[in-house]
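**Student:** Here is what each chain is made of, one letter per residue.
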Amino acid sequence: MKFFFPDSQDLVDPGFDFEKERWSEARIRQRDDRYAHEIFRKRAFDGLLVSKGIVDGFGGVGSRYSLGQRNRLLRNGVREFFRLDNAPYDLPVMGDCGAFTYVKERVPPYTVDQVIQFYSDCQFDFGLSVDHVIFEFKSTWDADEAAVPPEIRERQAITLQLAREFLDRHRKSKPMFSAVGVAQGWSPNSYANAVKALQSMGYRYIAMGGMVPLKTPEILASLAAVAGVRKPSTKLHLLGVTRTEAIPRFASYGVASFDSTSPLRQAFKDDRDNYYTLDGAFTAIRIPQVEGNATLQKLVLSGAVDQAIARRLERACLAVMRDYEAGKAGVKDVVRVLMEYEHLARPHRSDSPVSKRRRSSTDNESAYREVLEVAPWRNCACEVCRQLGHHVILFRGAERNRRRGFHNLYVFYRRLQRELGRSAEAAA
Amino acid sequence: MFAVDGKVVPKFAAVSRIRRAGHDVAGYQRPEVLAHIDEIRSYVESDNPMIPNAVVLAFDKRVRFESALGPTGTYTRPGEIIIPMENGWEEEDKPGFIVDGQQRLAAVREAEVEAFPLCVTAFITDDLKQQTEQFILVNSTKPLPKGLIYELLPNTVARLSSALNKRRFPAELLTLLNRDENSPMKGLIQTPTNPQGVIKDNSILRMLEASLSEGVLYRHKTKEGADVEAMFSLLCAYWGAVRIVFEDAWGKPPKKSRLMHGAGILSMGHVMDWVGDRHRGKRLPTVDIFARDLGPLRDVCRWTDGVWDFGPGQQRKWNELQNTSKDIQLLANHLLVQYKTRVGSAA
Numbered sequence: 169m170k171f172f173f174p175d176s177q178d179l180v181d182p183g184f185d186f187e188k189e190r191w192s193e194a195r196i197r198q199r200d201d202r203y204a205h206e207i208f209r210k211r212a213f214d215g216l217l218v219s220k221g222i223v224d225g226f227g228g229v230g231s232r233y234s235l236g237q238r239n240r241l242l243r244n245g246v247r248e249f250f251r252l253d254n255a256p257y258d259l260p261v262m263g264d265c266g267a268f269t270y271v272k273e274r275v276p277p278y279t280v281d282q283v284i285q286f287y288s289d290c291q292f293d294f295g296l297s298v299d300h301v302i303f304e305f306k307s308t309w310d311a312d313e314a315a316v317p318p319e320i321r322e323r324q325a326i327t328l329q330l331a332r333e334f335l336d337r338h339r340k341s342k343p344m345f346s347a348v349g350v351a352q353g354w355s356p357n358s359y360a361n362a363v364k365a366l367q368s369m370g371y372r373y374i375a376m377g378g379m380v381p382l383k384t385p386e387i388l389a390s391l392a393a394v395a396g397v398r399k400p401s402t403k404l405h406l407l408g409v410t411r412t413e414a415i416p417r418f419a420s421y422g423v424a425s426f427d428s429t430s431p432l433r434q435a436f437k438d439d440r441d442n443y444y445t446l447d448g449a450f451t452a453i454r455i456p457q458v459e460g461n462a463t464l465q466k467l468v469l470s471g472a473v474d475q476a477i478a479r480r481l482e483r484a485c486l487a488v489m490r491d492y493e494a495g496k497a498g499v500k501d502v503v504r505v506l507m508e509y510e511h512l513a514r515p516h517r518s519d520s521p522v523s524k525r526r527r528s529s530t531d532n533e534s535a536y537r538e539v540l541e542v543a544p545w546r547n548c549a550c551e552v553c554r555q556l557g558h559h560v561i562l563f564r565g566a567e568r569n570r571r572r573g574f575h576n577l578y579v580f581y582r583r584l585q586r587e588l589g590r591s592a593e594a595a596a
Numbered sequence: 080m081f082a083v084d085g086k087v088v089p090k091f092a093a094v095s096r097i098r099r100a101g102h103d104v105a106g107y108q109r110p111e112v113l114a115h116i117d118e119i120r121s122y123v124e125s126d127n128p129m130i131p132n133a134v135v136l137a138f139d140k141r142v143r144f145e146s147a148l149g150p151t152g153t154y155t156r157p158g159e160i161i162i163p164m165e166n167g168w169e170e171e172d173k174p175g176f177i178v179d180g181q182q183r184l185a186a187v188r189e190a191e192v193e194a195f196p197l198c199v200t201a202f203i204t205d206d207l208k209q210q211t212e213q214f215i216l217v218n219s220t221k222p223l224p225k226g227l228i229y230e231l232l233p234n235t236v237a238r239l240s241s242a243l244n245k246r247r248f249p250a251e252l253l254t255l256l257n258r259d260e261n262s263p264m265k266g267l268i269q270t271p272t273n274p275q276g277v278i279k280d281n282s283i284l285r286m287l288e289a290s291l292s293e294g295v296l297y298r299h300k301t302k303e304g305a306d307v308e309a310m311f312s313l314l315c316a317y318w319g320a321v322r323i324v325f326e327d328a329w330g331k332p333p334k335k336s337r338l339m340h341g342a343g344i345l346s347m348g349h350v351m352d353w354v355g356d357r358h359r360g361k362r363l364p365t366v367d368i369f370a371r372d373l374g375p376l377r378d379v380c381r382w383t384d385g386v387w388d389f390g391p392g393q394q395r396k397w398n399e400l401q402n403t404s405k406d407i408q409l410l411a412n413h414l415l416v417q418y419k420t421r422v423g424s425a426a
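Protein sequence lines, in the order shown, are assigned to chains A and B. Letter by letter, the first sequence follows residues 169 to 596 in our numbering. Letter by letter, the second sequence follows residues 80 to 426 in our numbering.
Calculated directly from the structure, the hints in this document are not laboratory data. It cannot be assumed that every hint is accurate.
Listed next, the in silico DSSO-like pairs over lysine-lysine satisfying Cα-Cα at most 27 Å (straight line) [claimed, not checked]:
{"hint": "1", "chain 1": "A", "residue 1": "K188", "chain 2": "B", "residue 2": "K90"}
{"hint": "2", "chain 1": "A", "residue 1": "K170", "chain 2": "A", "residue 2": "K399"}
{"hint": "3", "chain 1": "B", "residue 1": "K245", "chain 2": "A", "residue 2": "K188"}
{"hint": "4", "chain 1": "A", "residue 1": "K437", "chain 2": "A", "residue 2": "K272"}
{"hint": "5", "chain 1": "B", "residue 1": "K419", "chain 2": "A", "residue 2": "K342"}
{"hint": "6", "chain 1": "B", "residue 1": "K361", "chain 2": "B", "residue 2": "K419"}
{"hint": "7", "chain 1": "A", "residue 1": "K188", "chain 2": "B", "residue 2": "K302"}
{"hint": "8", "chain 1": "A", "residue 1": "K383", "chain 2": "A", "residue 2": "K403"}
{"hint": "9", "chain 1": "B", "residue 1": "K300", "chain 2": "B", "residue 2": "K361"}
{"hint": "10", "chain 1": "A", "residue 1": "K383", "chain 2": "A", "residue 2": "K170"}
{"hint": "11", "chain 1": "B", "residue 1": "K300", "chain 2": "B", "residue 2": "K279"}
{"hint": "12", "chain 1": "B", "residue 1": "K279", "chain 2": "B", "residue 2": "K396"}
{"hint": "13", "chain 1": "A", "residue 1": "K188", "chain 2": "B", "residue 2": "K86"}
{"hint": "14", "chain 1": "B", "residue 1": "K419", "chain 2": "A", "residue 2": "K340"}
{"hint": "15", "chain 1": "B", "residue 1": "K208", "chain 2": "A", "residue 2": "K466"}
{"hint": "16", "chain 1": "A", "residue 1": "K340", "chain 2": "A", "residue 2": "K364"}
{"hint": "17", "chain 1": "B", "residue 1": "K335", "chain 2": "B", "residue 2": "K225"}
{"hint": "18", "chain 1": "B", "residue 1": "K302", "chain 2": "B", "residue 2": "K245"}
{"hint": "19", "chain 1": "B", "residue 1": "K208", "chain 2": "B", "residue 2": "K90"}
{"hint": "20", "chain 1": "B", "residue 1": "K419", "chain 2": "B", "residue 2": "K396"}
{"hint": "21", "chain 1": "A", "residue 1": "K272", "chain 2": "B", "residue 2": "K405"}
{"hint": "22", "chain 1": "A", "residue 1": "K399", "chain 2": "A", "residue 2": "K342"}
{"hint": "23", "chain 1": "B", "residue 1": "K279", "chain 2": "B", "residue 2": "K265"}
{"hint": "24", "chain 1": "B", "residue 1": "K335", "chain 2": "B", "residue 2": "K279"}
Rough simulated footprint, nothing fancy, chain B against chain A, three-plus residues with beta-carbon under 8 Å [claimed, not checked]:
{"hint": "25", "segment": "193 to 207"}
{"hint": "26", "segment": "232 to 239"}
For the chain A half of the interface with chain B, some residues (derived, Cβ under 7 Å), not all of them [as the list claims (entries may be wrong)]:
{"hint": "27", "residue": "R243"}
{"hint": "28", "residue": "E459"}
{"hint": "29", "residue": "V468"}
{"hint": "30", "residue": "Q475"}
These figures come from a predicted structure and were not determined experimentally. Where a beta carbon is used, it is the ideal one built from N, C-alpha and C, also for glycine.
Okay, chain A solo, but in the shape it has when bound (with noise of 0.2 Å):
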């Protein structure tokens, strides 16, 4: 089962100083920039995936490239934008349309021509056919036909039009790319009548769409019913899907392939699951910048908090860790200076009626304590934690918390690999 990562142009300023928390001098966005391929000597996925949503930007999706980073992609294709040649290994790359983009158009904004055309510029490996999302889903509707809004209805229709438009330019054209289709689905057998649709068409590499907000249960039902009508030598790709713990069953319905961010996102957007092991995950340790953080600087404004204060505690959290690092420090010393910025930089939280359904901060306490006490980085192998040390599990600005997303997206490459039975050096 192949791992895809797909590209939101996550980089790291190598240069990077942590103690003063500066970025580099004359730094250059991207140019001077690190991707996680570009840190980790092993390998931490098996190739990319692009989405054209991404690169052009659609509607109040602004995009995450410049428009002279984009040209410089359309100029010279994605193993020289990415630099994929500076990692030892091979890494294919994966086009999509970014479906998610656009999913409140009635139809896809892009032409297939133009799909085609963004596939070849680019000089993909594998360009995905233009489809339409549909985020509905109800087993219920295979019992009753009748019952399917035909708005959804349309939009299957759409990307099964599409794609085979997309292959027949493909045949025609010859481009460098391989044409995989998409399936778009709302219940077990549309997604197995899909998937018979487009091999009909001549299609033997198939990308489930939609699949995101699904259970693993009706993921799991979906592929029964596809297993139903695949043939053989079609391979399926799951769309944004992650759940580690299916993935042997899932390579068993014929998914060769995936792809996910939430290995990198977790690092940052999880309330708790923030720093991957090999069998479970830590809470990372919050210390917010006083500026920076939009909560801590209203409270700064708002005279709540007194910015000289929040910034000697942010300061005595930071030395604290220094020290636990280099023994100075004991566990409770340092659980103690977090908690006191803590009651600073987070007040109210108990009177909010969102902070119910998250953590008290008694909560970050234990998890703090736990975290310490193991020190999960001091055992990890990865080019992370050997670089950074106690940095790695501190939430603050991007460039700790998305070179600690980079450090999930190892571990989690080496989940997969356990859970596939083999090692991850023997896949790389």
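Assemble the complex: chain A is given as a structure, and chain B must be docked to it using the hints.
**Tutor:** Same frame as chain A, but now just chain B:
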């Protein structure tokens, strides 16, 4: 007025931080802007720093001035200022308030230097109103026009703010383009000292910056810095070709020609990067090579009259293109698509 070690000032002067006291606003200073402080701090830690402008302090009546004997002028009188100072004072015990210069003082406080001399202008008042008035007055001046700063930039070597450091090199190239005999843009770029120029300095700077980070100029960066000569001759060759191919639109004010307008300069800058990459095998393409490549674009350009045809349902009158990122993108994409179909791909 007096001079003092900036490291000592926090011992006797406090910041009157703005806050709510009941229903009223008390104090007047905003929070420290840490990024700004960090910039000043880097400067203070650099070689030969100096902060020539005075910080303003307000003292309460506990501070006295005792004039010395000797000659007195109309405004100046030598003497001694007596400022009480005690260790362990809380902020509100201190006799001084910082009216202007809190970021500078914070930078000096945090800088890794032994001491740092500062000039202080001080006045004595117990009236918070007067302090607030002075705070507003010193902080409502207009910043220097950007164009003037950019024009002065190439003549500096000291460490300026990060944003200005990044613009220094593009500003140097701009000066060359505007002054050198061989430049097709000689005298055409509008700057404070060249007000009759037709191309806005900012358009040129943005075009240069885009190419320095994403385009053909980036290829002439070296480990030591930049190959200015190569960059300059490349710019002269390309824009020289633009002048030849679009002769009618060249050198006219942006109201009469969109080529000289921000949208034109920036999108033609993107074309430059594309053409440059197409010829990346050659070290420096000549005017002729560029002109041959640009020629086929003449038919699709509407710099001075007519209607741009950006595809189905997308027609724009020549003078409706604005200097917005959306319009620049529209125009650049159009030119690049036309260039690719008419001339060829980059790689």
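**Student:** A separate judgement is required for each hint: does it hold in the structure or not?
**Tutor:** Verification of the supplied hints:
1. Using a Cα cut-off of 27 Å, the hinted pair A:K188 and B:K90 holds, with the two alpha carbons roughly 25 Å apart.
2. Between A:K170 and A:K399 the CA atoms are separated by roughly 20 Å; this keeps the pair inside 27 Å, and the hint holds.
3. With a C-alpha separation of about 20 Å, the suggested pair B:K245 and A:K188 falls inside the 27 Å cut-off, and the hint holds.
4. Straight-line distance between C-alpha atoms of A:K437 and A:K272 comes to about 25 Å, which keeps the hinted pair within the 27 Å bound.
5. Note on B:K419 and A:K342: the hinted pairing holds, with a Cα-Cα distance of about 19 Å set against a maximum of 27 Å.
6. With a C-alpha separation of about 19 Å, the suggested pair B:K361 and B:K419 falls inside the 27 Å cut-off, and the hint holds.
7. Under the criterion of a C-alpha separation no larger than 27 Å, the hint pairing A:K188 with B:K302 is consistent with the structure, at around 25 Å.
8. For the hint linking A:K383 to A:K403, the alpha-carbon distance of about 22 Å falls within 27 Å, and the restraint holds.
9. At most 27 Å may separate the alpha-carbon atoms for a hinted pair to count; B:K300 and B:K361 meet this at roughly 16 Å.
10. With a C-alpha separation of about 21 Å, the suggested pairing of A:K383 with A:K170 holds against the 27 Å cut-off.
11. Taking the CA atoms of B:K300 and B:K279, the gap is near 25 Å; set against the 27 Å cutoff, the hint holds.
12. With a C-alpha separation of about 22 Å, the suggested pair B:K279 and B:K396 falls inside the 27 Å cut-off, and the hint holds.
13. As the CA atoms of A:K188 and B:K86 are separated by approximately 20 Å, the hinted pair is consistent with the 27 Å bound.
14. With a C-alpha separation of about 20 Å, the suggested pair B:K419 and A:K340 falls inside the 27 Å cut-off, and the hint holds.
15. The hinted pair formed by B:K208 and A:K466 meets the criterion: a straight-line CA distance of about 26 Å does not exceed 27 Å.
16. For the given pair, A:K340 sits about 23 Å from A:K364 by alpha-carbon distance, which is consistent with the 27 Å threshold.
17. Between the alpha carbons of B:K335 and B:K225 the distance comes to roughly 25 Å, so the proposed pair stays at or under 27 Å and holds.
18. A hinted pair counts as satisfied when its Cα atoms are at most 27 Å apart, and B:K302 with B:K245 qualifies at roughly 16 Å.
19. For the hint pairing B:K208 with B:K90, the CA-to-CA distance comes to about 24 Å; that is within 27 Å, so the pair holds.
20. Taking the CA atoms of B:K419 and B:K396, the gap is about 24 Å. The hint holds against a cut of 27 Å.
21. This hinted pair checks out: A:K272 and B:K405 have alpha carbons roughly 21 Å apart, not beyond 27 Å.
22. Taken as a hint, the A:K399 and A:K342 pair is honoured in the structure, with Cα atoms around 24 Å apart against an allowance of 27 Å.
23. Taking the CA atoms of B:K279 and B:K265, the gap is about 13 Å. The hint holds against a cut of 27 Å.
24. Annotation: proposed proximity of B:K335 to B:K279 holds, straight-line Cα distance about 14 Å (limit 27 Å).
25. Residue count for the segment 193 to 207 of chain A with a Cβ under 8 Å from a Cβ of chain B: 5. That meets the three needed, and the coverage hint holds.
26. With 5 residues bearing a CB less than 8 Å from a CB of chain B, the segment 232 to 239 of chain A meets the requirement of three and the coverage assertion stands.
27. For A:R243, the interface hint holds, the least distance from its beta-carbon to any beta-carbon of chain B being 4 Å, beneath 7 Å.
28. A distance limit of 7 Å between C-beta atoms decides the matter here; for A:E459 the minimum to chain B is near 4 Å, and the interface restraint holds.
29. Checking A:V468 against chain B by beta carbon gives a least distance of about 5 Å; that is within 7 Å, so the hint holds.
30. Taken as an interface hint, A:Q475 checks out: its beta carbon lies about 5 Å from the nearest beta carbon of chain B, inside 7 Å.
Of the numbered hints stated above, none is contradicted by the structure.
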